[in-house]
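A.B. asks: The primary structure of each chain is shown beneath.
2 protein chains.
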Amino acid sequence: MKLGSLKEGGRDGTLIVVSRDLTHAVRATGIAPTLQAALDDWHNAAPRLNALYDEVNAGTAEGRFALDLNALAAPLPRAYEFVDGSAYLPHVERVRKARGAEVPASFYTDPLMYQATSAGFLGPRDPVVVPSEDYGIDLEAEVLVVTDDVPMAVTPEQAAGHIQLVGLVNDVSLRGLIPAELAKGFGFLQSKPRSALSPVLVTPDELGDAWQDSKLHLPMRTWINGQWFGEAECGVDMQFNFAQLVAHAAKTRPLTAGTLVGSGTIANQDTAKGASCLAEQRTVETLRDGQPSTPFLKYEDTVRIEITDAAGQSIFGAIEQVIAPLKR
Amino acid sequence: MKLGSLKEGGRDGTLIVVSRDLTHAVRATGIAPTLQAALDDWHNAAPRLNALYDEVNAGTAEGRFALDLNALAAPLPRAYEFVDGSAYLPHVERVRKARGAEVPASFYTDPLMYQATSAGFLGPRDPVVVPSEDYGIDLEAEVLVVTDDVPMAVTPEQAAGHIQLVGLVNDVSLRGLIPAELAKGFGFLQSKPRSALSPVLVTPDELGDAWQDSKLHLPMRTWINGQWFGEAECGVDMQFNFAQLVAHAAKTRPLTAGTLVGSGTIANQDTAKGASCLAEQRTVETLRDGQPSTPFLKYEDTVRIEITDAAGQSIFGAIEQVIAPLKR
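Top line first, the protein sequences correspond to chains A and B.
Here the UniProt record's numbering is used: the first residue of the first sequence is 1, the next is one more, and so on.
Here the UniProt record's numbering is used: the first residue of the second sequence is 1, the next is one more, and so on.
Hints were generated in silico from the structure; no laboratory data involved.
Quantities reported herein were computed from a predicted structural model and do not represent experimental measurements.
Mixed in with the good hints, there may be bad ones.
Which copy? The list can't say, so a pair holds if one copy fits it or any two copies do.
Subject to a maximum C-alpha distance of 20 Å in a straight line, what follows is the list of computed SDA-like cross-link-like pairs (lysine to any residue) [as the list claims (entries may be wrong)]:
id: 1; residue 1: 184; residue 2: 100
id: 2; residue 1: 215; residue 2: 239
id: 3; residue 1: 184; residue 2: 212
id: 4; residue 1: 215; residue 2: 164
id: 5; residue 1: 215; residue 2: 57
id: 6; residue 1: 251; residue 2: 158
id: 7; residue 1: 7; residue 2: 181
id: 8; residue 1: 7; residue 2: 27
id: 9; residue 1: 251; residue 2: 285
id: 10; residue 1: 327; residue 2: 62
id: 11; residue 1: 184; residue 2: 89
id: 12; residue 1: 251; residue 2: 327
id: 13; residue 1: 184; residue 2: 101
id: 14; residue 1: 184; residue 2: 109
id: 15; residue 1: 298; residue 2: 324
id: 16; residue 1: 97; residue 2: 324
id: 17; residue 1: 251; residue 2: 180
id: 18; residue 1: 273; residue 2: 149
id: 19; residue 1: 298; residue 2: 225
id: 20; residue 1: 184; residue 2: 104
id: 21; residue 1: 298; residue 2: 208
id: 22; residue 1: 7; residue 2: 125
id: 23; residue 1: 251; residue 2: 323
id: 24; residue 1: 7; residue 2: 37
id: 25; residue 1: 251; residue 2: 175
id: 26; residue 1: 251; residue 2: 326
One chain only, chain A, in its complex shape (with noise of 0.2 Å):
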């Protein structure tokens, strides 16, 4: 099934339950009135909403209206627990390398993730508001899963029946301001603001065949001002499975359900797939050029995040995004 909320109803916005085909959708509020809430009651509420998505894609449901994408909120406008691993070595490598620094081989084995903001997501059309064009705008096109209440320590292999919901991301990133602050030794804060949500989250089986060994096998569509800039394989490179992030992310606590665990930005070893970030392309262009030739998000700049499966049908819906300055 697919999930999303709507901008009523408060914070949390109003549950809907979407239609296959994203064109239509019915409030879930008999069932839960936020996604959080049917999370926290997942085993109760998921049955019952699928039951739901059943009658929105018959036509049948009580309710049913036609749907704007335009105007959904983040299907979880706030969240309890975000952390972004960083699967795709590709990207890690280049990264490092342009910053002229080392890829321990550590990473090879030990994944590599951080905490994150979970305090506000941006809805899929919502502007990405930055006080400042200098800090390096940037964008990254990530998977996510959220996942159920996830105990402490659990293997791999259990942390593989917490995944509920897949979607995707715009971890948002300021690339002007992440070298003095991970200089610092404590991670991301500023250079990490609020990232953006697909309209919709979808359950695995949703998937298909594309979900295989807890990953998404298709190609994340990427474009900056309409143009193609990226069509990386999801499920290429990916040195870490969903499972294996939400095990690394509950090594030491349990995971409160609701937990979004992401990707990192999808990258391809392949570099005529194209990138899913900025930083990345620029890098690209570094190692080929001496120097980056693409230019960092401006106000006013559109970015557009979206996978479609075999048949060319948006499975999540599309982020769309403008760059904005912030209004004092």
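Since the structure of chain A is provided, determine the placement of chain B on it from the hints.
C.D. replies: Frame of chain A; chain B shown alone:
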């Protein structure tokens, strides 16, 4: 006023207003079901909660009951954002010295802060469950503040007005996991598991003269296994006050109502005041004796963290925890 949460009513507990002397309380469910709900609507909820606080203190509140601090959840059993500063530079200086790292000059003008987990806070008497004693289990006694909604890019002067509650946190740290995790470059994740909050959070007005310049001017009292461990002055050697810390966190993002901002481990230049974490005590020993003599925490060890007012009355209630193994 003083606010806490009972372990009843769901994952977010049930909001209670607690008497100044911490002996009695009343459920505030007629005003807001949970502390998060109160913070979401703070300007409406706070005056009503304050009125109920007067009744609790006067003994006239309907439904007033004798309070068992052992039965409390964290005031915010889960929250959307926790960012933790390192405002006490004596701690930063000593801990960095212990691992052979330099303190950059910028640390004296730019706050060091990391994105911490907020998905679950331990109750004040909950055990600290750690899968292995070999992880180097440590306490960190800190002060924290809770904000209402803070706009992006506020000044410290503006940020001061968004500090609505003050409390204590035991920022549990796994020292054995920190070096390898920080060496990866993306900050803490496994090495900073769930933290515990004090039984109650209090409004700044409750602190009287002890709250000045967005700092708490009282000693942080800590005990390990019943033995005095420290009484570092929270108002001394705090390089950045809470208004500056909140503004730092909000530079590129708004802060959602209910965001927790920590001070970092309380530490003074004066080592006669003791320590607020074992890493620092061990560093003092290493600098003095050539090697540390105080071990990290083992299973069944206890920690106690408390701040009392000039009359010796506990302000927030004590955090009292035992270290415990994971039951598998």
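A.B. asks: Taking the hints in turn, state whether each one holds.
C.D. replies: Tested hints:
1. 184 - 100: Both ways: residue 184 and residue 100 sit 17 Å apart in one copy and 15 Å across, limit 20 Å.
2. 215 - 239: Within one copy only: 10 Å inside a chain, 46 Å across chains, cut-off 20 Å.
3. 184 - 212: Neither, since 39 Å and 29 Å both go past 20 Å.
4. 215 - 164: within (13 Å within a copy, 43 Å between copies)
5. 215 - 57: neither (26 Å within a copy, 57 Å between copies)
6. 251 - 158: Cα proximity of residue 251 and residue 158: one copy only (12 Å, versus 39 Å across).
7. 7 - 181: Neither way: residue 7 and residue 181 sit 34 Å apart in one copy and 38 Å across, limit 20 Å.
8. 7 - 27: within (12 Å within a copy, 31 Å between copies)
9. 251 - 285: neither (38 Å within a copy, 31 Å between copies)
10. 327 - 62: neither (41 Å within a copy, 47 Å between copies)
11. 184 - 89: between (23 Å within a copy, 13 Å between copies)
12. 251 - 327: between (41 Å within a copy, 14 Å between copies)
13. 184 - 101: Close inside one copy (15 Å) and across copies (11 Å); limit 20 Å.
14. 184 - 109: Between. Shortest inter-copy distance 12 Å satisfies the 20 Å Cα cut-off; intra-copy 25 Å does not.
15. 298 - 324: Answer is within; shortest intra-copy Cα gap is 8 Å, inter-copy 51 Å.
16. 97 - 324: Cα proximity of residue 97 and residue 324: none, with 30 Å in one copy and 43 Å across.
17. 251 - 180: between (29 Å within a copy, 15 Å between copies)
18. 273 - 149: Answer is neither; intra-copy 36 Å and inter-copy 42 Å both fail.
19. 298 - 225: Cα proximity of residue 298 and residue 225: one copy only (11 Å, versus 56 Å across).
20. 184 - 104: both (19 Å within a copy, 8 Å between copies)
21. 298 - 208: neither (38 Å within a copy, 47 Å between copies)
22. 7 - 125: within (12 Å within a copy, 39 Å between copies)
23. 251 - 323: For residue 251 and residue 323, only the inter-copy Cα distance (17 Å) is at most 20 Å; the intra-copy one is 37 Å.
24. 7 - 37: both (16 Å within a copy, 18 Å between copies)
25. 251 - 175: Between copies, since 15 Å is at most 20 Å while 29 Å is not.
26. 251 - 326: Close across copies (11 Å), not inside one copy (38 Å); limit 20 Å.
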